[in-house]
Structures are given as C-alpha cells and as structure tokens.
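J.: Residue-level listing of the chains:
Protein chains: 2
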Amino acid sequence: MTEESVVNEKSAEHMAKDHREISISQFFEKNRHLLGYDNKIKALLTIIKEGVDNALDATEEARILPDIYIKIEEIDKETYRIVIRDNGPGIIRAQISKIFGKLLYGSKFHRLRQSRGQQGIGISGAVLYAQLTTGESTKILTSTGKGKTHKIEMKIDVKTNEPKILKDEVIDGKEWKGTQITIVVEGIYREHKQSVIEYLKQTAISNPFANITFDSPNGRVEFKRAVDHLPKEPKEIKPHLYGIEVGIMTRMLQETKGRSILGFLTTEFSRVGKKSAEDICKKAGIDDKISPKKIEHSQIVEMVKAIKEVKLSRPPTDCLSPLTQELVEAGLSKELNPEFVTSISRPPTVYRGWPFQIEVGIAYGGSIKEASVMRLANRVPLLYQSGDCAISKAVAGVDWKRYGLSGDKIPDAPVTIFVHMSSVWVPFTSESKEAIASYTTIIKEIKLALQDCARKLSIYLSGIRKAERIAEKRRIYEKYAHETAVALNELTGDEKEKIEKAILKIVEEKWGEIEQELIEENDKETGVEKEDENK
Amino acid sequence: MTEESVVNEKSAEHMAKDHREISISQFFEKNRHLLGYDNKIKALLTIIKEGVDNALDATEEARILPDIYIKIEEIDKETYRIVIRDNGPGIIRAQISKIFGKLLYGSKFHRLRQSRGQQGIGISGAVLYAQLTTGESTKILTSTGKGKTHKIEMKIDVKTNEPKILKDEVIDGKEWKGTQITIVVEGIYREHKQSVIEYLKQTAISNPFANITFDSPNGRVEFKRAVDHLPKEPKEIKPHLYGIEVGIMTRMLQETKGRSILGFLTTEFSRVGKKSAEDICKKAGIDDKISPKKIEHSQIVEMVKAIKEVKLSRPPTDCLSPLTQELVEAGLSKELNPEFVTSISRPPTVYRGWPFQIEVGIAYGGSIKEASVMRLANRVPLLYQSGDCAISKAVAGVDWKRYGLSGDKIPDAPVTIFVHMSSVWVPFTSESKEAIASYTTIIKEIKLALQDCARKLSIYLSGIRKAERIAEKRRIYEKYAHETAVALNELTGDEKEKIEKAILKIVEEKWGEIEQELIEENDKETGVEKEDENK
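Protein chains in written order, with this note's numbering: chain A, 138 to 672; chain B, 138 to 672.
If you're looking for bench data, these hints aren't it; they were derived computationally from the structure. Mixed in with the good hints there might be a few duds.
Put simply, identical chains are the same to the list, so a pair is met inside one copy or across any two.
Restricting the straight-line Cα-Cα distance to at most 27 Å, the calculated cross-link-like pairs of lysine-lysine (DSSO-like) are [what the hints assert, rightly or not]:
no.	residue 1	residue 2
1	Lys167	Lys296
2	Lys167	Lys235
3	Lys445	Lys506
4	Lys530	Lys314
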C-alpha cells in the first residue's frame, strides 16, 4: 500500500453517512428510458399505450364492449395535452389516487390471469413523466354510474412514491360510467412506423371488438368495431409446480392454511392430484402428513428436486383468452383489406410453469404493399426493440423459400405477418414492455404457427400461379389454332374460320385432360407438402 | 352492447378488491432477468460482477489499493458457493442489513460522482436470487479494523423489501479490515466469452491497480497489480442547469435554503455565476429577489425555457475519474501482451447536463489472435447486450478501411479495441447494466476517440509494411548484385566476387536515397493523414 493511500484512507463511518433509501419513483424518474420515455416522440406513444391498455383491460374485465376516445392536441411548442376516455366500470374513490399516483401498485401483478397490464407501473409512470417534463398535474374524471363523478387532480410525491392530491371534487347529476384522464407532457407528434397511429391501427386489428376514435393533431381517425362480442373471459388459476423454486416454495409453506404437506400440494397448486402429491413426498423422503410449517429447509430443497421427477398435468388454460382465428382474420381483414388471409391458433402450452398460447395470421396482397411483422402480447402491439424479440427471431428462423416465398429473414412479398402471444405472464425484456424474452419453447411455438400459415399461403399462391399458367397455355393453344387454320387454308383451300373452329373444339373437348396434366406438373415444381411438426 | 356482456358486467367495487402494492423485491423476484439472472450461466457472472464492483468501489472510495479474493465452488449439481472478500474499510453494523437486504438502497444513486454502482440494486439482487433458487441465506463477515468482526446471516423479506436477520454475532480479537460475503446459488460454471473469467480479465485490464485472486472450480487464476497508485479521487458535484426539467426544478425550489431565486440558482447548481442567474431571471420575467418558495408554476416553466437560451459554463469534470492513457496502456499490456498499444483520453464533455469522458485503447498483435471489443463503463466490463450498446454502434460506425484495416463493422485484424466511458451517471439500457444507451453525443465522442487510435495504429502498421517493403527491395538489389556480377564475369572475365562487392558497395552508399524514395512512395499509397474532427 502506498504512503498516499494510507494518508487519505477513509473510514467506514465516514462512508456510511451517505446511505439512503431510493424510492421507486425516484429510480424511474432518473431512469425514465426504462419505462419507454427515451425521447419526445416515443413519450407520446408510451402514454397512449399505457392509457389505452388500461382502458381495454378495464372494459374487458367488466365485460363491456369498449368505446375508447383519444385526443392529442398541441398546446405549445413540443407540449401536448392528451385525453383518453373509456366506457369502463369507473374507479372507486379509494383506488383512484393509488392507481395513478403510486408506482408498483395494481391488481394484475399478483394474479395468474391474462391481462394487458401486469406490472403496476404503466399509468403512474405517465403521471410521473408529465410532472417531470411540464410540471403539470394529471386530471382524472371517473364515475361508477351512480350519478356521481369524481374529479381529481394529482401528482406523485417522488420521495415517498405516494399520491399527492391537489384537487378532489364530486360532481353530481351526470349519469355516465367510465374514466377519463388528461395528461400534459413534453412530446413530438409524428405519424411514422413506430407512432401512435400505427399503435392504434394494430390495436384495432388485435381488438376488433373495440371502437376507437382518435382526434389527432391532423384530424379524426376512426377504427370501427368489427365484431360485437368479447373474447372469452380468462379465469384466474393457481400456480403450477413446474415453475416453483425453493424461495417461493418456502414462502408458500409458511403462508398456507393446509394442515399437511399433502393438503398443501393438492390445494395451493394447479392440477396436483393426491397420487402426484404422494409421489413427490415419497421421492423427497417426507412424511406427507407432516404440517407445512414444520418442514425443514433441506426437505424443501428435496421437494423441489422431486417435483422435477414427477409427471404432472399441465396447468389449466382457461386463464388465457386467445383471440381465436375468427378475430385474428376479422381484425386483419377490416384494417388491411387483403386479397387473402389465413390464421392459426396453436394449442396452449407452458414455459416455466406459465401457460401461454400463440396465434398467427398472415394477410396477403390487397392494400398491403410490402412485408411487415406485427408483434403482439396479450393483444397489445409491440413497436420497439424488435431485434431483441422472440417473435422477430422466430420469423427470421422460418425458411420462407420452402413456401415459395423469396427473401431471407422476412418474405419478399406483400404480406403482413401477425403474431400474438397470450399468457398469464409475458416475459418482457424491460419495464417498457416492448419485446418478448427469447425462451426456446416460445420461439418454437411461434415457428410452428408461422410454418402452418406459410404453408396455407403457399397453397393459395401456387393456386394463383397454377391458374395463371393454365390460362397462359390455353392462350397459346388458341393462338396456335388460328395459325394452324391459316396454314391449312393455304394448303387445302378450306375455309379458315371453319378449320379454326374445328381445332378450338378439339382443344375445348381435350381441355380437362390437359389441365390435369398441367396441375400435376405445377405441383411437382413448387413442391407443396405438409411439414413434419416435430422437425 | 350485447345482451351477454350486460349480464356479466362487473362493478368497479368488485374490481377494486384485488388492488395491492407490489414491493420492489417482489417485482424483481418475478422479473429477475431484468437484473441479469436470465439463466444459470449468466447468474454466476452477475453475482461476481455485483460483488467485485462493490469491493472495488469500497476500496477505491476509502483510497485503499484493492486486494480482491473470489472463490467459486460447486457444492452440489448446479449449486455453487461463492465467496467474495475485499480489503476495504468494512461496513458499520447499522448499514450492513440494509445494504444487503433492501433493494433500492445505497449512497451512489443520489450523489453526482463517478462510481461503479449507481442504482442500489446490485448486491441485494444477488441475495434475493440466492434465497429464491437455493433458499440459502447470505453470510456477511465485516470489520472496520477495531478488532471486532460482525458475522451476519440474512435474507430479504420480499413482501416488505426489508432485511430479515437470521444470525447476528460479534467476534472479538481478530485484527483485519474488509468485507467478505458468501452466497449459495443455482448456477452453471463455464469459461467462454461471456464468463466470470473474461469479466475478471477485463476488470484487471481496466483496474490495473487491483490485485485479483480467483479460485475457480478449475483452479487458481491470479491477476496481479500492475501499477501501485489509484486513479485520482472523483469529487462530488452539484447538478448542472442544462439537465434540469420542470419537475426537478419545482422540487428543488421547494427544498432550497436559498432566500432569493438569485441565491438559489448560484448556490444549488454547478457553475452558475451571478450574471447568468440574472440573465435567466430576466429572460423568464422573474424578479430575481423573490423567494424560491413563492415562485409560481408558470414562472418555473418560463425559467426552464430561459435556461436553454442562456450560455452556461460546462459542469466541472473533477467528478470524473478517468483511467488516463497510462493506466489504459498498462492494463492492456499486462493482460494481452500485445506487439503494439495506443490510447487516447478525450477531454470530458456533457450529455443531458451530466459530465462524461471517453477513453479508447487499441492493442495489436502479440498474444492477440483475433478482433474483439471490450466495452467498459466506470471501469466495469460489459459482457452482454452488445448489439444495443452505444460502444458497439460507434465501433461499427468507423470506416476501418480508411486506416488500412479491412473488415466491415470491426477490423479484420488481431486487435483488441478497449472503450471506456466514465460518467457520474451512465445511461444503462436496463437494470442489469449491460449496455449504454445510444445518446448521439456519446456515440460521437467514442467515434472520435476510435478514429484517433485507429490513425495511430495505421501509422504503426504502415511502418511495419514500409520496413517490410524496404527490406524486400534491398533483397532484390542484393540478388541483382549477384546476378549482375555473374553476367559481368562472363562478359569481362573479371572476378565475380570483386564485381559483386563493388555493386553492393554502391547499393550501400546509395541506400539512404533509395530508402527515402521508398518511404515517400509508401506514404502516398497508404494515404495516412490526420482526420478532421469536425467531420
């Protein structure tokens, strides 16, 4: 150790004095790019996304067909007033301030059931961004439909991560149900590929049961409802043993009301029968009648190991609410007006104990002019970080040439590839929820679904090509008939028209055979066949 | 609205009952991939990284030359015991439990001064991961050098995000200073490119004043200290006005002890003189003698606007502790043993009001066999998410061909490109701190530094090529001398040896001139020249 370093050495006591707690609001105020507020253009998109996601979750959970109204208005240079209104059930007074004024608060984090939100950060993050950039409070109007409207103005106290209420009024007399928020933020409005308008278009496709009206700075855009029923309601499920680690198991054992390990295993988890529970206890060397509170650490470790060796039923999948092929195709058709559309809804499966389901749609031609991929998670469009996303990786992993489509990572054709993951817990790569983490099982499921749709598109396209080839051949026969007639006329002096008619008649009569030959030849060339799913 | 949806409609009251607070520990328990615990291989690296970063921060802050000991031991299948020990100042009892047992707690988040840690999440995240995967508590031994050692065993109560102390002992008699932590986790030990060993090697390069001993599952590896002094100590600075938004300004106005706006501006911020403060107030239409507490919202907005129009001095840069060219080159030389090394330390500059500084080193040849990039932030190696990182983008943005190096995004040559960003606040793209966000100013600075080093390498390489060419020419002259001698001997009958000697003498005498010509010709061909920084 050098002389100098000894002289300047600081004590632990000296260093301790600066230690302090960091509130989650302070953390995200300084790290707001983690919530999607990287820049002023993206900021507007993030706010709309958080507001609309909440509006759709609220209406859907209350089983109401959503009518969503959005307005973005420039009120000063790079300063916008945003209004988002829904026809949901409204919010009771006791919840308003925490929902909008506290980061990490909500109903969706703890329960195992599909919803758009899952972190309890989104809308309060928007309130935080507003007060940070313009200093403006957020205004909330909400009514649960009993003639009373709550009007609240609020901010977040970043030091405590608690709501700070500035105005709290009750307005009587107006009969309505729903919630409206008004947020004033710094931003820049653009209409490019990663914009509010693209987000709303994709939202309209993936939520075709919603009516969305958008008053943009450039005028009104309407996305009309295409189907008048909601997807089936997702049910809450219990956790599945396959996803349980030692830490969670320890906590659950302490908290359970089950009196024996057997009771604990069969009541606290999804689909664990008496037989499986006994198997687990036996393999772990535990008496299955022992109280969960009395089980020791080493026994918990053994139990978690034993779980991996016991075959368990998959978790129930009624916690998911997939779009179904009907809605995927309805959504793509209404917004893209394609020449051809196909889709598949894969059977639900599981990653890390969490159920999920993949749906893919491919729309071709019509008003679609180039290839693009729409990524969605729990019906929410993902517009950023595509390079990091499991969906992009799966799309790039498909051998499109095999399906008669040129192009390397994405087909070089006028197609929109729509990929939707439904899950009780989407593994996003960041708090801004822009990309799905690359679990092997998830990528594999997406690939299988893509291949299925690609095959159907390929058959359609080969049908077009077939029809074109056949028509072309027929044109040649017909042309040949005319020329033969001319030649025979010169040779025999017979009437040209008569000869031509005779030849055309032969072509017409023989056409069935000729066509069949052409079809077989064509199929051999394009090589369309059903792929093995286990590859 | 359809009949069915009316029937099933749920009330706001019904929906309110599930709302709950989410503790930050619960949040990261479920989202542990955000902290770098994506998989078992990466988990070991993340823990070592968090532990070693803390050890280096503690020793450096206390001005002690670091001696760091690390041990990774497999104690069961995919289960490892990790020990990390430093010779730092130790931790006083009151702080131990919160530092290790509470996420979002620390000294580094609030102050503006360069350090490795900045979020107050790292080491408590490791404790959380241990209890989640193996259920084991974390053991801490620490002494501040007064003969007392604290021995603590602890976990985190995830529901409250508070430490849960399981053992709390004081051991007397042993004289030492420092901290040792023992963590037992699920993991997989590998020695590939993104591994613990690579992290330690890069740490040794960027912290050549540290002694690092690593007992790996495959044996001991030592990284010896190469210089025996620490980099200069960074000073804490005040915030700079250029980075201040309305929200922060509002809070600071409420909290200040300054009695007038003038006093507030000149004392709470970096480098704001009386003249600048008066200018800001004048442009914002505010009386500069008014109390900060009395200023209204619209005035704050005007003030923030005015700040953008007033020219302010840049913040002081003594909050930074760059490596200096000496340490960059010492580090690269000691670990890579290259044939050639060059470096540059750019002058400090500012992004969003935060000072930062870029240093680049390029090492060539020797034991380096292929091209690679080392990315570092505040002396910490970044091993993941390179595609997202400002450093990778800057490297790919350099036209390496211009410097006589083939290759597209990275030179196709045996080079190690070392890029280091020092800052009071590194804008990481996630909590796992693996990539630097792509601010234009940051990318530009890195590019300039890379170009400077590339030019120096190019001159060196052209020197080698030059020497090679000249030697080759000389060999040709010499060969020519011999052949000429043979021919002349046949022609004139003179002695071959005599003729050859005479020719060689002429070559020798004329060599200076020949060489100069060759050098000029060579320079013209390779086109080495100083680049314009403003391009």
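J.: For every hint, state whether the structure bears it out.
T.: Do the hints match the structure? See the list:
In this assembly of identical chains, the alpha carbons of Lys167 and Lys296 lie at most 27 Å apart whether taken from the same copy (12 Å) or from different copies (25 Å). In this homomeric assembly, Lys167 and Lys235 come within 27 Å of each other (Cα to Cα) both inside a single copy, at 21 Å, and across copies, at 22 Å. Proximity of Lys445 and Lys506 under a CA criterion of 27 Å is satisfied in neither setting, with 49 Å inside one chain copy and 44 Å between copies. When the C-alpha separation of Lys530 and Lys314 is checked against a cutoff of 27 Å, the pair qualifies neither within a copy, at 43 Å, nor between copies, at 50 Å.
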